[in-house]
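J.: As a plain string of letters, each chain reads:
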Amino acid sequence: MTTTSSAEPAPSLAAGVWDNHWVRFAVRRTGQLLISLWALVTASFLMIHLVPGDPVRASLGLTAPQSLVAARREALGLNDPLLVQYWHYLQDLATGDFGISMSSQLPVSQVISQRLPATLALAVSAFVLALLIAIPLGALMGVVTRGGRAQRTELSFTTVSVVVGAIPDFVVCVILVWIFGVNLHMFPVAGKSGLDSYVLPVVALAVGPGLVLARILRVEMLAVLQADYIRTARAKRLPAVAIYLKHALPNALTATLTLSGLLLSGLIAGTVLVENVFAWPGLGSTIVSSIQGKDYPVVQAIVLVYGVFVLLINLAVDVALALLDPRSTIREN
Amino acid sequence: MAANLVTELESTSGRRGNRSRWVTVVRTPVGAAAVIALGALLVLAVVAPILWSGQATRADTAQMLHGPSGDHWAGTDNLGRDILARVLVATRLSVELALLATLIMVVSGLLLGTLGVLFGRRVGRVTAAVINVAVAFPGLLLALFFAVIFGIGTKGAVLAIGLAGAPSFARLVQTLVSGVEQRDFVLAARVAGVNRFRILLRHVLPNVGEALIVNATIGAGSALLSFAGLSFLGLGVQPPDYDWGQLLGNGLTGIFEHPVAALAPGIAVVLAGLAFNFFGEAVAKAIGVTTTIGRIRVRVPKPAVAPDRSEADRPDGDTVLQVTDLRVSFPAAGGVVTPVRGVSFGMARGETVGVVGESGSGKSLTALAIAQLIERPAAVEAGRLEFLGTDLRGGGTAHRDLLGVHFSMVFQDPMTSMNPTHRVGGQLAEVARRHGGLSRKDANDRAVDRLDAVQIPDPRRRAHQYPHEFSGGMRQRAMIGMGLMGDPALIVADEPTTALDVTVQSRVLHLLEEIRREQNVALLLISHDISVVRQVCDRVLVMYAGQIVEDLPAADLHSAARHPYTRALIAVVPDMHTALNQPLAVIPGRAPDPTSYPAGCAFAPRCPLATAQCRTEAPPLETDAAGRRVACWNAEAPIEVIPESAEVLCE
Ligand code: SF4
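Sequences listed follow chains A and B, in order. With UniProt numbering applied, the first sequence covers 1 to 333. With UniProt numbering applied, the second sequence covers 1 to 651.
Any given hint could be a false lead.
What the hints assert, rightly or not - Here's a subset of chain B near chain A, in silico, CB distances under 7 Å, partners left out:
| # | residue |
| --- | --- |
| 1 | Val148 |
| 2 | Ala262 |
| 3 | Val269 |
| 4 | Val270 |
| 5 | Leu373 |
| 6 | Thr416 |
| 7 | Arg434 |
To be verified - With beta-carbon atoms standing in for the labels, derived distance ranges:
| # | chain 1 | residue 1 | chain 2 | residue 2 | range |
| --- | --- | --- | --- | --- | --- |
| 8 | B | Val107 | A | Pro239 | 27 to 33 Å |
| 9 | B | Thr253 | A | Gln66 | 35 to 41 Å |
| 10 | A | Asp97 | B | Val123 | 36 to 42 Å |
By construction, these hints were calculated from the structure, which means they are not laboratory data. Cβ coordinates follow ideal geometry from the N, Cα and C atoms, glycine included.
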């Protein structure tokens, strides 16, 4: 850290120091990503081997002829030594080959590329909606209830957000379907067609995380509004809006961001349930039918895809955190 | 013997009073509701199958898929079975499976989380790394992964949900355990050679037990929800068994004809989940710190005494600040506390006034009140509060530009007083952009110029840095620079050097002094350190218990201080003649608490000159011919006793 007031400016040196902790951050974070990725790939590989009994027999059913099972085992390479299979699995993944679906005989990569966009569209819109709920609501609540003000507002906000946030996705789905589908006939309740078919699944996914995040942001705002630098900002006689939006909110967001990453990965998982309620043609409905049909290559691949997304989200959160608050790159050392 | 020692240490480690803390859970409305709800849920889980199993399984082909009726309050399903009965009966399986999964979660989490304690650092580090990778993935994904391995069905789902919850529980265990591991009694046990397993069971786990139980309860709530989710997807409980998730899934397919069939199990899931959650949270809150914020509205009584006009409302063109009868009050348990009670003084251009007093004397609040930085629920009142001839009372935003340009503040802790997420230059420039209407570039140039003025080397580069890249002294100078962005007439510095190294302190003081001299600024310096004040100031205000007790020229401090408190303050300052090995002297007794100021002179309990009059009648602040003020009945009396009687305490 450059705390000395050395006379020689040496901007290149300073820039070097500045770069340095970014470089170290990048290296450390990439290493972390690679290790997690390796763990994920290995777990996905092992999944088929951890299934008790013969996965091919389980998949084809008890009535399938032994010759078919043997042929399928051979085709999947299940007779090779485990390490050889592992090596082949890694090689295949590297070339984007996820194997062949046991039930449809289609390449799994094709299944994924057909299904992934629908899931991504759902998850991204839900995340955006969750943030659109959380940031204004949380910040506003923080400002309104600071220093023990507006206790009644605080109590009703907390109660409502705790209760609604505790309702699991699939129950929210059912309630939304009942209100807007059954009673009001406002929105379609199954399939992905026009924009209006997004409304119910996206709202079902976003409401819970949005409220949880709003609550967290409120608490962070309360803490930040107590900070000395907010007093400094007030002493600078800045308008209230500048104090809250420019000085308080970014500091409250840094802490909230980490949790929003958690919520986003939770949201990815939530799509599994929501897709099944709304017959959404995404990965979520596919993975459930594949688990039920014991189509292991498809399950393996989808688990991998979900896992990679979760890892990327965590990475994105850390990078955003680093940009918002440069101290976070150093803190861990 | 060693074991005794350990037990003794442990018994003093704060595990007392647990009983009563658990009882407080029931005393809060939320806690009581949660306890009742959870109790009802558990009772229902036991009795429902006994009472309603018959109805739940009796198929009635005459009444298939009927809506709610007198016979079937929630209607019937596709085989004519009573839905309400099925939902009630399903309570047992739903709760049972959730608890079973929680048990698996807790046991495997405990095993994973305590490996480090049992098998040493290295094993601990490896498991921590594994756990870190695992917790990155959401529970539902882990549950799906395990559901594939263990197969579809009740057994598979229990294992899947239990194991999916294990990593985060293990992480919790690790965090809690590592907190306890360094405590005295564990270290003592270790030194005494108690084996690791015993340490874990006897000394570590009992101390983290409460937190683990709370989290396991909350975990049971989420296990219940996850289980319902898996069954809902058709991956959990399989027919003919049924739990809430499965009933919900079945109900959803017929929701257009018969919504109650879907809503009833949905409501059951939510209520049960909430019962576990709220119970856990209520217990957590009861165990942690409880804070009660008073709801009293501040009604500050009008001052009964006529405001003190002695200092004279001298209509001097040179007057920067004029304060009369300033009061600050807070709502508190049982009424209103007034930590600043009637402070009056004035300041002229270029004058340096010091305010000294112990912490709690109201000096910082006085500064904040003058700066209009006191926020609700505290309230400020004053007979007069004028800055550059403008009445500031009523606060609000009316004087924003006046204060923004001409009134500057320097706070105590430069480490926390700058916004960590903004560049230093930007934080300075903001003032000029907001109040001076400067463009971004001009404002930045001025910021660099001001950083230069407060002797920050290489100001252009420094302006681009964040506060954490500055040293403490440099940050405080940057804060002062921030105050110079406008055209200050008054700088209020609240303990500006207290948080700094001794070597840096004098540099910051000199800088303030220099600015005052060169720019003819009035400087109000708040400090608990009378030697700092004496060094810099022209005039000193001594505050005690929220009032000014003496106002005198700094030069007179040593020779002509009249108030016994001022004299005591001077007496306890170590000087050249104080031997270095001599313990620090302090004024005997304690400053009165703002909640209960004594009736007469607030200093009476500590005053060597106190008389009966002092204890009943508060002395007024009298001005003498030279303009010096003092509030003491016996101001002129000599006290030879003070230096000797000053109780000498070891620090
Ligand atoms: S008024 Fe009495 S008690 Fe108070 S300082 Fe003077 S002598 Fe002491």
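J.: Against the structure shown, which of the earlier numbered hints fail to hold, in ascending order?
T.: 8
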